[in-house]
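Student: The sequence shown maps to residues 123 to 402 in this note's numbering.
There may be inaccurate statements among the hints.
Unchecked claim - Label-pair ranges, simulated between beta-carbon atoms:
{"hint": "1", "residue 1": "Glu133", "residue 2": "Ser345", "range": "56 to 62 Å"}
{"hint": "2", "residue 1": "Asn278", "residue 2": "Glu225", "range": "16 to 22 Å"}
{"hint": "3", "residue 1": "Phe399", "residue 2": "Glu288", "range": "39 to 45 Å"}
{"hint": "4", "residue 1": "Leu148", "residue 2": "Glu288", "range": "55 to 61 Å"}
Just so you know, the hints here were simulated from the structure itself, not pulled from any lab data.
Note that the structure is predicted; figures quoted are calculated from it, not measured.
All C-beta atoms in this analysis are idealised placements derived from N, C-alpha and C, irrespective of residue type, glycine included.
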Amino acid sequence: MKSICIKTNNENVLKFINDELLKLDLDSVCMTNHKFKLYKNVIIHYTGENLDFFYDKVASILTEVVIEFYEKKLLKRILEYNYFYFNSAEKKEITQLAKDFIEEDDVSQETNYFAMYSAILEYITENKSIVFDGFVNFRLTNYMKNLDYIIDLTVNKYITDKEYLEFVNMLKLYVSLTPPKMPLVHMIYLGTESILLDKDRNIIPLSDENLNSRYLSDISFSSNDYALNTLLNITPRKLVIHLMNGKSDEFVDTLKLIFENRCEICDSCDVCRLYRFNFN
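Whole structure, please, built from the sequences with the hints as guidance.
Tutor: So this is what it looks like as structure tokens:
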């Protein structure tokens with residue numbers, strides 16, 4: 123018979139382990155619960171012949187325990203240590219974003235799972251008992267490195283998104299306070315570049331003036347920077363964006379946010395058909 127003792131005082135963890143073991147419904151596996159001096163214990167007994175199967179099931183259950191009950195706390199702890207200067211609300215949001223990233227990214231899930239599973243499997247095959255909190259805090263080195271990397275990615279994205287939102291809000295205010303210089307501008311959007319037309323469909327030269335270039339110092343759309351700078355100089359009363367490929371993207375979405383109800387998206391008018399014919 124092979125026995126493993128899992129030590130923890132977390133009632134939710136104890137219940138989870140017991141429930142998952144019961145789901146196995148195997149005659150060769152039984153368990154007992156005891157409270158000793160410091161910890162409550164789940165003692166799992168295995169009387170079967172296939173030890174690899176037994177260890178695999180226990181390691182899988184304990185890996186799920188880490189994901190369910192510890193992962194978010196570990197992310198928060200890493201964030202507190204490495205990025206202490208964020209306020210409480212920001213830390214809470216970043217922690218949740220990191221957790222969401224893991225749940226939505228198959229590669230991260232697989233990498234994290236394997237890092238935990240392999241460490242737990244190795245430990246329980248060599249030891250008869252595991253103090254679970256201590257194990258999670260000190261034995262999951264590779265898993266913690268993965269979480270550290272994910273926190274770094276999430277913080278960078280959080281900062282970038284925050285800067286982007288500030289950028290958009292600043293330009294929205296600028297546009298709302300600036301009198302329109304043209305009643306209508308058509309933007310022929312080709313993805314990598316744009317062509318601007320006035321209400322009579324004459325080409326508007328793209329501006330490389332520095333008047334509004336200060337708005338573009340942090341957020342750049344590469345070849346479309348001049349188109350945005352020109353639109354900021356013109357501040358049209360109405361902007362019609364003609365999508366040549368029928369698809370929106372980050373730049374178009376940004377223009378919609380900046381110009382709000384002044385902006386209209388089109389992909390099937392005579393202007394669209396004319397320019398689509400010329401560029402196909």
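Student: Which hints from the list above does the structure break, by number from lowest to highest?
Tutor: Violated: none.
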